[in-house]
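Protein chains: 2
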Amino acid sequence: MTLVVVTVMPKKGVLDPQGQAVQGALAHMGFAGVSDVRVGKRIELEIGGDDPAGQATRMCEDLLANNLIEDYSVEVAG
Amino acid sequence: MTLVVVTVMPKKGVLDPQGQAVQGALAHMGFAGVSDVRVGKRIELEIGGDDPAGQATRMCEDLLANNLIEDYSVEVAG
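As you go down the protein sequences, you meet chains A and B in turn. Each step along the first sequence adds one to the number in this note's numbering, with nothing skipped, and position 71 is 71. Each step along the second sequence adds one to the number in this note's numbering, with nothing skipped, and position 56 is 156.
Chain A extracted, bound-state conformation (with noise of 0.2 Å):
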């Protein structure tokens, strides 16, 4: 088995909701000077068989992620 990580985060230039409440919610706080908040996913599975890297790259693009509005980056963690 290979821990692979999937990070998956909205595009530049998507409105990100969750990263704004998050940005209001932290200046209401009295967090002062913190901007350009953007909220994603961190997705850790341990993959069998071949090309672990290339089988998480088909579940993001089947399943993970929403292309029309994320990116997504596979990492191989070990």
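One should not assume that every hint holds.
What the hints assert, rightly or not - Okay, the calculated bits of chain A under chain B, using three or more residues with CB under 8 Å as the criterion:
id, stretch
1, 27-38
2, 45-55
3, 66-78
Unchecked claim - Sample of chain A residues facing chain B (criterion: CB under 8 Å; computed from the structure):
id, residue
4, Thr7
5, Val22
6, Met59
Because the hints were derived from the structure by calculation, they are not lab data. A virtual CB, placed ideally from N, CA and C, is assigned to each residue, including glycine.
Since the structure of chain A is already known, use the hints to place chain B on it.
Positioned in the frame of chain A, the structure of chain B alone reads:
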């Protein structure tokens, strides 16, 4: 401004329904040999002022993570 990346993951041993849902969906789609799927958050913030890592740690304690069920890590990306 300093780019800080906060990663929030469910603690080991804590039920992760989102991870289980992803794992079930992947199996259903024919991806065999996938196990231990965990889904967490990746939060990117631009932080001004002194000690951006310390500020981000306080944000995790106060808002971004739930210490009962989640672990967080803070990385200063530049």
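Going through the hints against the structure:
1. Here the stretch 27-38 of chain A counts 9 residues with a CB under 8 Å from a CB of chain B, which clears the bar of 3, and the coverage holds.
2. With a threshold of 8 Å between beta carbons, the proposed coverage of the stretch 45-55 of chain A by chain B holds, since 6 of its residues qualify and at least three are required.
3. With a cut-off of 8 Å between beta carbons, the stretch 66-78 of chain A has 0 residues touching chain B; three or more are needed, and the interface restraint is violated.
4. Hint on Thr7 (chain A) holds. Least Cβ distance to chain B is approximately 6 Å, under the 8 Å limit.
5. At about 7 Å, the closest approach between the beta carbon of Val22 (chain A) and any beta carbon in chain B falls short of 8 Å, and the interface hint on this residue holds.
6. Satisfaction of the interface hint for Met59 (chain A) is found here, the shortest Cβ-Cβ separation to chain B being roughly 6 Å, below the 8 Å cut-off.
When held up to the earlier numbered hints, the structure conflicts with hint 3 and nothing else.
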